[in-house]
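Q: Based on the provided sequences and hints, a complete structural model is requested.
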Amino acid sequence: MSERNRPIRMLVAKPGLDGHDRGAKVMARAFRDAGMEVIYTGLFQTPEMIATSALQEDVDVIGLSILSGAHMTLFPAIMDALKTVGRDDALVIAGGTIPEEDIPAIKEMGIGEVFGPGTKLQVCVQYVLDHAPTRDDDEG
Amino acid sequence: MKDDPDRKPSLAEATLAGDRRALARVLTHIENDTDLGRRALDTLFPHTGNAHIIGITGPPGGGKSTLVNEFIRTWRKQGRQVAVIAVDPSSPLTGGATLGDRIRMQEWFADDGVFVRSMASRRFGGGLAQNTLAVAHAFDAAGFDPIVIETVGTGQDEVSIAALAMTTLLIQVPGTGDGVQSLKAGSLEIGDVLVVTKGDRPEAAELARDLRNIRMIGLAAGSEVGGWEVPVVRTSAITGDGIDNLTTAIASHRQWLQTSGDGAQRVRAMIAAEISVRVQQGLLGRLSEQNHDHLEALIDRVVSRNLTAARAADELLSGM
Ligand SMILES: Nc1nc2c(ncn2[C@@H]2O[C@H](COP(=O)(O)OP(=O)(O)O)[C@@H](O)[C@H]2O)c(=O)[nH]1
Ligand SMILES: [Mg+2]
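Top to bottom, those sequences are chains A and B.
In this text, residue positions in the first sequence follow the numbering used here: the first is 7, and each later residue adds one.
In this text, residue positions in the second sequence follow the numbering used here: the first is 798, and each later residue adds one.
Hints should not be assumed to be uniformly reliable.
Chain A stretches covered by chain B per the calculated footprint, using a threshold of three residues with CB under 8 Å from any CB of chain B [as the list claims (entries may be wrong)]:
hint	region
1	10-21
2	86-94
3	112-122
4	128-136
So, partial list: chain B residues that the calculated Cβ filter (under 8 Å) puts toward chain A [to be verified]:
hint	residue
5	A821
6	R822
7	L824
8	T840
9	K874
10	G876
11	G892
12	R899
13	I900
14	F906
15	F912
16	V913
17	A917
Far from chain B, some chain A residues (derived; all Cβ distances over 12 Å) [as the list claims (entries may be wrong)]:
hint	residue
18	H26
19	R28
20	T47
21	G75
22	A76
23	L97
Hints are computed from structural coordinates only; laboratory data are not their basis.
All figures in this text were calculated on a predicted structure; none of them were measured in a lab.
We put the beta carbon where it would ideally sit given N, CA and C, even for glycine.
A: The structure is reproduced here in structure tokens:
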């Protein structure tokens, strides 16, 4: 069995066209404070940008913050782009203004968990600590 | 093993063959100094020694990442594959880090010839991560040249990046009293090129002039014929002014390293520094693992003023 003997590497990205990155920044800070190494790429991330960052930074987890309402088109495109670069092994989580009724379909796409508005940061952090994948060549 | 046609190539072999995902994974192993990372480096290292390793250091917010993005533009036009290692500090309290340099280098996301990797310093001094140079070796073996190492430096910290790069760019920011600050810390000396960023700001010309004057004094004090004359270059990422001058200065410095023979000396110094860092870490590791009880006993004696720290260190070292 493989075991992770290093900090979790995480990408925090803000896909979509709305210009609010406060949520993403708060998220990034919370994960950093939990001891993770957080790559923060800011606003207006396209699926291809997210995939390239995930590939080059070799992250374990990808956190998407989305407020634009375009999640049902953006999320599948992001998951496709990740697959194209071979990084669909990363855990993807999403937060932001996502209606309850969309969540089952989003999880169906391969997104691990969806955190709606008002979710305590500690809950998101704990989820990542519990579910961040170990990689097949991680060693103890 | 080598003859088995079904054998999956190792991460290092895949890296040499141009597999970017394998490279990214190798970088993680090297960063964490795992056994797999060490074996990968064994394979990769004979393929290194070709890249120009460039250090860029200066205060946070000084315009380093923005400038690196401009370099990438120039070097891609020359058909060179560019790697960037962007180091940001880890929080000493939690060990976590926010790594934000990629934000300034996003336009290359679809370009396979640009690879940006963020690293946290993880409690290693000098704004540097411990295995930064080893990470650079992997990029070197994968055919990247140049390799830029961006580090945050304030004052004395900057000295260590100079030991890990062939050409060091020292960033000075107008309107922050930087010139005087660096002079005090003595860190101006580590710059092979002094860069005044944000050259569009009103105070930039004056800072560049001051730096040239300081350099002139330095030259008069003790320079030899054939030595490298440290240029002062003013750049603006907004107007684009000075970027070409700077990439030309970087190329000239590389040329000078080759013709003067100074390059061979630098490579030796870089390797010596790399070994020395590993020896220090190894010794410290052994100290805390194998000699833990002995160390604790010695600390007790120093606490009770029966022994000096110097004698305690001597005793530990002689027993190792
Ligand atoms: N006026 C001006 N601002 C700049 C220039 N280069 C960078 N900046 C700004 O300085 C800030 C910090 O830049 P960044 O490249 O991230 O600095 P770093 O922390 O040293 O890597 C950003 O807001 C940039 O837009 C420049 O040439 N002129
Ligand atoms: Mg930066």
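Q: Run the structure past the numbered hints and jot down the numbers of the failing ones, going up.
A: Result: hints 3, 4, 8, 9, 10, 20 break, sorted rising.
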